[in-house]
Amino acid sequence: MAYSTLRLHISGDIATITLSRPEKRNAISAEMIDDLMGALGEIETSVARVVILTGDGEAFCSGMDLAALKALATQSPLENLEDARRLARLFRRIWSFPKPTIAAVNGAAVAGGCGIATLCDFTLAVADATFGYPEVRIGFIPANVAVFLMRQIAEKHARDLLLTGRIIDAAEAHRMGLVTRIVPAAELMAAAQTLAATLLASSPTSLLKTKKLLCDFAAPELDRELELAVAESAQIRTTADFREGLASFLEKRPPRWSGK
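Every letter in the sequence shown is one number past the one before it in the working numbering, and letter 178, counting from 1, is 272.
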């Protein structure tokens, strides 16, 4: 298949997805979500047994595309609900993908981009990579990512990241448990390949069944929480604070919150 926002390369047992909007810091658009869902579907039916996900240029993924952000202000409630649900479907697909996944984080992974990076089974990062969920700073809710983050790290750490919206470096992300290992930039893809080789040495059947079991443990409760997150993500977009936060972000000025 042809993709406009990413490159997919399958070489034997390893599939590599490279987010490829470097001029936009690999920001998430509706097209990218569709491309990622398509690429994952293609990989699932291929001979590849391990997936590596990385980014082109200086960033891994900087979160939502500015054009998509601008569109939020004019969408209907139904459109906002479907928009939130579309991202939730992508996150769940990455989280439950049957084949092992490795994120090779080459730079900033922010908001939804941080979600994509840390939902993989393994997250390798260069030392100057950054991570965070700054949604509260623009009047938004990190709703979908919160469902997964609360299962990945200690609740105190999750509350810290989600309530402050602060951006952290790779070392702190590693201490919190969001990053599996920090590697030198020049060795990032080699380290991902080495990890993939370790996984490929195991029984394919055992890997598939082990991952399925891990996902099955959490799936019923996770799906219930995702529905709540989708509803809250859509609802916040009807508030005055969201409209002000979005406008201030796009206009590059401090927000004037009303609390409404």
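Hints are not guaranteed to be accurate.
[Unchecked claim] Here are the simulated lysine to aspartate or glutamate pairs, EDC-like style, with alpha carbons at most 16 Å apart:
(1) Lys118 with Glu173
(2) Lys164 with Asp310
(3) Lys303 with Asp215
(4) Lys193 with Asp310
(5) Lys303 with Glu138
(6) Lys303 with Glu315
(7) Lys305 with Glu176
(8) Lys193 with Glu176
(9) Lys193 with Asp107
Rather than coming from a laboratory, the hints here were simulated on the basis of the structure.
Checked hints:
Among the hinted pairs, Lys118 with Glu173 is inconsistent with the structure: their alpha-carbon atoms are about 24 Å apart, more than 16 Å. Straight-line distance between C-alpha atoms of Lys164 and Asp310 comes to about 37 Å, which puts the hinted pair past the 16 Å bound. With a C-alpha separation of about 14 Å, the suggested pair Lys303 and Asp215 falls inside the 16 Å cut-off, and the hint holds. The hinted pair formed by Lys193 and Asp310 meets the criterion: a straight-line CA distance of about 14 Å does not exceed 16 Å.
Our distance criterion of 16 Å between C-alpha atoms is met by Lys303 and Glu138, whose separation comes to about 15 Å. A distance of roughly 20 Å separates the Cα atoms of Lys303 and Glu315; the hinted pair therefore is violated under the 16 Å criterion. For the hint pairing Lys305 with Glu176, the CA-to-CA distance comes to about 28 Å; that exceeds 16 Å, so the pair is violated. For the suggested pair Lys193 and Glu176, the alpha carbons sit about 27 Å apart, so the restraint of at most 16 Å is broken.
Only pairs whose Cα atoms come within 16 Å are accepted, and Lys193 paired with Asp107 is accepted, the gap being roughly 11 Å.
Of the hints listed earlier, those the structure fails to meet are numbers 1, 2, 6, 7, 8, in rising order.
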